[in-house]
Amino acid sequence: GAGVSQSPSNKVTEKGKDVELRCDPISGHTALYWYRQRLGQGLEFLIYFQGNSAPDKSGLPSDRFSAERTGESVSTLTIQRTQQEDSAVYLCASSFDRRVEQFFGPGTRLTVL
Amino acid sequence: KQEVTQIPAALSVPEGENLVLNCSFTDSAIYNLQWFRQDPGKGLTSLLLIQSSQREQTSGRLNASLDKSSGRSTLYIAASQPGDSATYLCAATMNYGGSQGNLIFGKGTKLSVKP
Numbered sequence: 001g002a003g004v005s006q007s008p009s010n011k012v013t014e015k016g017k018d019v020e021l022r023c024d025p026i027s028g029h030t031a032l033y034w035y036r037q038r039l040g041q042g043l044e045f046l047i048y049f050q051g052n053s054a055p056d057k058s059g060l061p062s063d064r065f066s067a068e069r070t071g072e073s074v075s076t077l078t079i080q081r082t083q084q085e086d087s088a089v090y091l092c093a094s095s096f097d098r099r100v101e102q103f104f105g106p107g108t109r110l111t112v113l
Numbered sequence: 001k002q003e004v005t006q007i008p009a010a011l012s013v014p015e016g017e018n019l020v021l022n023c024s025f026t027d028s029a030i031y032n033l034q035w036f037r038q039d040p041g042k043g044l045t046s047l048l049l050i051q052s053s054q055r056e057q058t059s060g061r062l063n064a065s066l067d068k069s070s071g072r073s074t075l076y077i078a079a080s081q082p083g084d085s086a087t088y089l090c091a092a093t094m095n096y097g098g099s100q101g102n103l104i105f106g107k108g109t110k111l112s113v114k115p
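Line by line, the protein sequences give chains A and B. Residue numbers for the first sequence follow the numbering used here, beginning at 1 and rising by one. Residue numbers for the second sequence follow the numbering used here, beginning at 1 and rising by one.
Don't take every hint at face value.
Straight-line alpha carbon distances no greater than 27 Å define the calculated DSSO-like cross-link-like pairs of lysine-lysine that follow [as the list claims (entries may be wrong)]: (1) B:K42 x A:K17; (2) A:K11 x B:K42; (3) B:K114 x B:K42; (4) B:K42 x A:K57; (5) A:K11 x A:K57.
Beta-carbon label-pair distances, calculated as ranges [unchecked claim]: (6) A:S62 x B:K114: 39 to 49 Å; (7) A:G16 x B:S53: 20 to 30 Å; (8) B:Q51 x A:S66: 31 to 41 Å.
Hint data in this document are derived by calculation from the structure and do not stem from the laboratory. C-beta atoms are modelled at their ideal positions from N, C-alpha and C, and glycine is treated no differently.
Using the sequences and the hints, build the whole thing.
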């Protein structure tokens, strides 16, 4: 079946604008994770969704970041009032359950000018 | 707080050589450890996952080992090929009761295999 997909693949925006990133997980995967990879840094965990449970937002760096997921379907990550330090590759991963093998999408490269 | 370290940051080898990539972690209370490869401009491809109760996993020319007591994992690549050139990442999932399974990553080893 299809893997994890993300859109857009690239996004260039101006400082202060809002952006929305989309992730389509593998069908049947109940767990969904967002990570970001800034230049020269390791991947950082942002947020975790599991079914209809309350998300784990412990990795979100500020209140400008938010994410939604309806059931076990698509997730969107929204960054409000973007800053230059938000420039990074944002990666989404899904898995059958928590703490099992995760499968990653190709990422969205965000550039904030 | 778990910290994952990968040394070296970059490695260049001639084609055909066997090689070992190293990963160390500070907290041994891991649930599993996963190795990935990342190609430029692409996402991560899962290579091997080792459960905390396992010592090693093998897939083709790849063999990953895990020693929880010493906080180390290695990825062995046999008979390296130019197509193996990529950045290799290791990542740990913690075994705390509240852990949701998010991966804690090292910064990776960039491997270059020269023809």
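Hint check:
1. B:K42 x A:K17: 26 Å, holds
2. A:K11 x B:K42: 15 Å, holds
3. B:K114 x B:K42: Given that 27 Å is the threshold and the Cα spacing comes to 21 Å, the pair holds.
4. B:K42 x A:K57: Between K42 of chain B and K57 of chain A the Cα gap is close to 25 Å, so the pair holds against 27 Å.
5. A:K11 x A:K57: 23 Å, holds
6. A:S62 x B:K114: 39 to 49 Å: 43 Å, holds
7. A:G16 x B:S53: 20 to 30 Å: Given a distance of about 50 Å, which is not inside 20 to 30 Å, the answer is violated.
8. B:Q51 x A:S66: 31 to 41 Å: Given about 34 Å between the Cβ atoms, the range holds.
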